[in-house]
Amino acid sequence: MRKLDKFTLKAFIGPFVAILLIVVFILMMQFLWLYIDELVGKGLAFGVIMEFMMWGACTILPMALPLSVLLSSMMVIGQMGENKELMAIKAAGISLGRLIAPLIVTAAIISVGAYFVGNDLVPKAYNEIFTLRDDITRTKGEIKIPPGTFYDGIDGYVLRVEGRNDETGMMYQVQVYDHTSRRGNTSIIIADSALLKISKAKDYLTFSLFNGSNYQETNEMTYRDTSLALSRVDFAREELIIPLKNYSFEKSDSARFSDQAKSMRYAQLAKQKDSLDRHNADAFVKHYARMRGEASFQASKQLDTARRNPALQDYHSDNMWTWDSYDKVRSALDRASSVAERMSGDMLTYNHDIYQSTFYLRRTDVELFKKIAQALACFLMFFIGAPIGAMIKKGGIGMSAIFSMLFFVIYWIVQITGEKMAKDGTWL
400 MRKLDKFTLK
410 AFIGPFVAIL
420 LIVVFILMMQ
430 FLWLYIDELV
440 GKGLAFGVIM
450 EFMMWGACTI
460 LPMALPLSVL
470 LSSMMVIGQM
480 GENKELMAIK
490 AAGISLGRLI
500 APLIVTAAII
510 SVGAYFVGND
520 LVPKAYNEIF
530 TLRDDITRTK
540 GEIKIPPGTF
550 YDGIDGYVLR
560 VEGRNDETGM
570 MYQVQVYDHT
580 SRRGNTSIII
590 ADSALLKISK
600 AKDYLTFSLF
610 NGSNYQETNE
620 MTYRDTSLAL
630 SRVDFAREEL
640 IIPLKNYSFE
650 KSDSARFSDQ
660 AKSMRYAQLA
670 KQKDSLDRHN
680 ADAFVKHYAR
690 MRGEASFQAS
700 KQLDTARRNP
710 ALQDYHSDNM
720 WTWDSYDKVR
730 SALDRASSVA
740 ERMSGDMLTY
750 NHDIYQSTFY
760 LRRTDVELFK
770 KIAQALACFL
780 MFFIGAPIGA
790 MIKKGGIGMS
800 AIFSMLFFVI
810 YWIVQITGEK
820 MAKDGTWL
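If you want this note's numbering, it's the 1-based position in the sequence shown plus 399.
It is possible that some hints are incorrect.
Here are the simulated lysine-lysine pairs, BS3-like style, with alpha carbons at most 25 Å apart [what the hints assert, rightly or not]:
no., residue 1, residue 2
1, K685, K670
2, K543, K601
3, K405, K793
4, K672, K685
I should point out that these hints are in silico values taken from the structure, not numbers from a laboratory.
Given only the sequences and the hints, what does the whole structure look like? Please build it.
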């Protein structure tokens, strides 16, 4: 490797890595802002949030790589032009194509790497994100009892407190309605104060009640005795243990989302596309044969007598309005209505079946195209950034960032618009 190649590669790799990290960080902030409502208030561990962010960063890489290649190539070539290095290299008889030859090879390697990232890492990341989001959604939020309101966030219980000391956690004028028996307000605890403590595993909570009364009412009436019994027990302290469910985060098996298009590799997508295409073709053939088999479509076959008779016979149409029997007309109308309803039902069933398979087929096609297109975008962005950098001859991030963002926004708009049109079928 010549010294010029080493010099060019050294000037490119450093800015590329730095810009890639910056772009991933910026896009991660947008990713975090998108899902922040699902993460807060669930009491999630720091490791769970970091795992969610890590997989999110993996899904961002296919979008960050083209922008990083575009901006870094523009900065490197622009910096060489600003420092008069391009002029010196041209004066030495070295063309611009020879100068960027090692960068072209590097861009090709990045493109190949982008393909494997999109084909291997991104499906795994989406699979994990879908699983984490589902598990986080099923995880209930933290227990916070606002003063002056009835809180029903705990299954089987309704709580009410009139005041709270935020420093000690002591709650005052506490009412606990036990609805676990599903008989209404037959069990009520009223206490002057109480402390709430949740177990470390979040599988139960302990309600320590002080200076109160426990009211138990039985509304079981017999044939002879229809009176209701009420018992009252005063206490200085009572411990109420309430079991909790889905308050602690539990990660489930991620294999249940492996059938999503975003969670599939290229080979799996190609297999699914072939299966959906074959399903649509078979459904059309069966539907066409079923429709052609109806008696209403057999009249054309009966009129084709040209091959058997030398001359066409006079055709006499049958008009039911000339029939003299009302029952005959009514019977014909009933048969026609029945055939029409049956054919309409068959058509609706066929349309529903085709709509479902076409819905998944379009998304499969989009993901297949994206795996190739995003890898090629890294290679093409280099051929946009390098010539522009040679023309503007500015190596700072300011001018390069302006031009890079202009082209990248165009690329992003085309990608988003094309993807939406492909999924909706409006591009056909």
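Okay, the hints, checked on the actual structure:
For the hint linking K685 to K670, the alpha-carbon distance of about 23 Å falls within 25 Å, and the restraint holds. For the proposed pair K543 and K601, the alpha carbon gap of about 14 Å is at most 25 Å, so the pair holds. For the given pair, K405 sits about 22 Å from K793 by alpha-carbon distance, which is consistent with the 25 Å threshold. Straight-line distance between C-alpha atoms of K672 and K685 comes to about 20 Å, which keeps the hinted pair within the 25 Å bound.
The structure is consistent with each of the numbered hints, conforming to all of them.
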